[in-house]
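K.L.:
One letter stands for each residue in the lines below.
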Amino acid sequence: QKEVEQNSGPLSVPEGAIASLNCTYSDRGSQSFFWYRQYSGKSPELIMSIYSNGDKEDGRFTAQLNKASQYVSLLIRDSQPSDSATYLCAVIFSGGYNKLIFGAGTRLAVHP
Amino acid sequence: DTAVSQTPKYLVTQMGNDKSIKCEQNLGHDTMYWYKQDSKKFLKIMFSYNNKELIINETVPNRFSPKSPDKAHLNLHINSLELGDSAVYFCASSQAGFSNQPQHFGDGTRLSIL
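So the sequences go chain by chain: A and B.
If you count the first sequence from 1, position 112 lands on 112 in this note's numbering, and the numbers rise without skipping.
If you count the second sequence from 1, position 7 lands on 7 in this note's numbering, and the numbers rise without skipping.
A couple of the hints might just be wrong.
Claimed, not checked - For each label pair, taking beta carbons as the anchor points, the in silico distance ranges come out as: (1) Ser94(A) to Arg63(B): 39 to 45 Å; (2) Gly28(B) to Tyr51(A): 37 to 43 Å; (3) Asp18(B) to Ala68(A): 47 to 53 Å; (4) Gln31(A) to Pro8(B): 23 to 29 Å; (5) Pro69(B) to Pro81(A): 40 to 46 Å.
Simulated from the structure, these hints should not be mistaken for laboratory data.
Cβ coordinates follow ideal geometry from the N, Cα and C atoms, glycine included.
Same shape as in the complex, but just chain A:
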């Protein structure tokens, strides 16, 4: 069974703090990993993609990948109330066809 696991939250952080979102996946052969943000009632919006071990930074967002531990995370620095949303971890499992497997999402609440 191909799985992507996330803590459903809610994760509550104060404004200005670092929010840390975590994700584990079951397929050791996976090569492509994505973080999507979904506001309530809206569609998933791509925030980050990461393909290699290590860190990838884009503005206030940093994605971290550790393929040996089958672990991917998203750090949000200087969290803002507008970051409050559900964050979906998604993995393309080995076997081709670009099939995205989503985690259930972590709900983030940033309070002023």
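Dock chain B against chain A, hints included.
P.N.:
What follows is chain B alone, placed relative to chain A:
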């Protein structure tokens, strides 16, 4: 310009009816997808077409039939709607299906079965 557009945004209908959802992308992508997001917000792939060819067909009741007239369009027809079909259906697209490129989503169609 909307990259991936779906119509209608809302669909309210009765059990047993047949309905269609349309999707169009103007990103020049080769691959399109249908996802279902249920009441628990879990997002799960249903179908994928690469350049009009079906490449992913998950365990979905055969009441659901996708059709891709060209690589920019992917429609979803649902026969004999059931209460459990109530969900948000998202269309998405990406570059060629084997390229591991990210997928971009439409705004969703909220289907409610009475």
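K.L.:
Take the C-beta atom of Asp18(B) and the C-beta atom of Ala68(A), compute their distance, and say whether it sits inside 47 to 53 Å.
P.N.:
holds (50 Å)
K.L.:
Falls inside 39 to 45 Å, the C-beta gap from Ser94(A) to Arg63(B)?
P.N.:
At roughly 31 Å between Cβ atoms, Arg63(B) and Ser94(A) fall outside 39 to 45 Å, so the hint is violated.
K.L.:
Could one say that the CB atoms of Gln31(A) and Pro8(B) fall in the range 23 to 29 Å?
P.N.:
violated (37 Å)
K.L.:
For the range 40 to 46 Å, tell me whether the beta carbons of Pro69(B) and Pro81(A) fit it or not.
P.N.:
Check passed, 43 Å falls within 40 to 46 Å.
K.L.:
Taking 37 to 43 Å as the hint, is the beta-carbon distance of Gly28(B) and Tyr51(A) inside that range?
P.N.:
Roughly 22 Å apart at Cβ, these two residues miss the hinted range, so it is violated.
Of the hints listed earlier, those the structure fails to meet are numbers 1, 2 and 4, in rising order.
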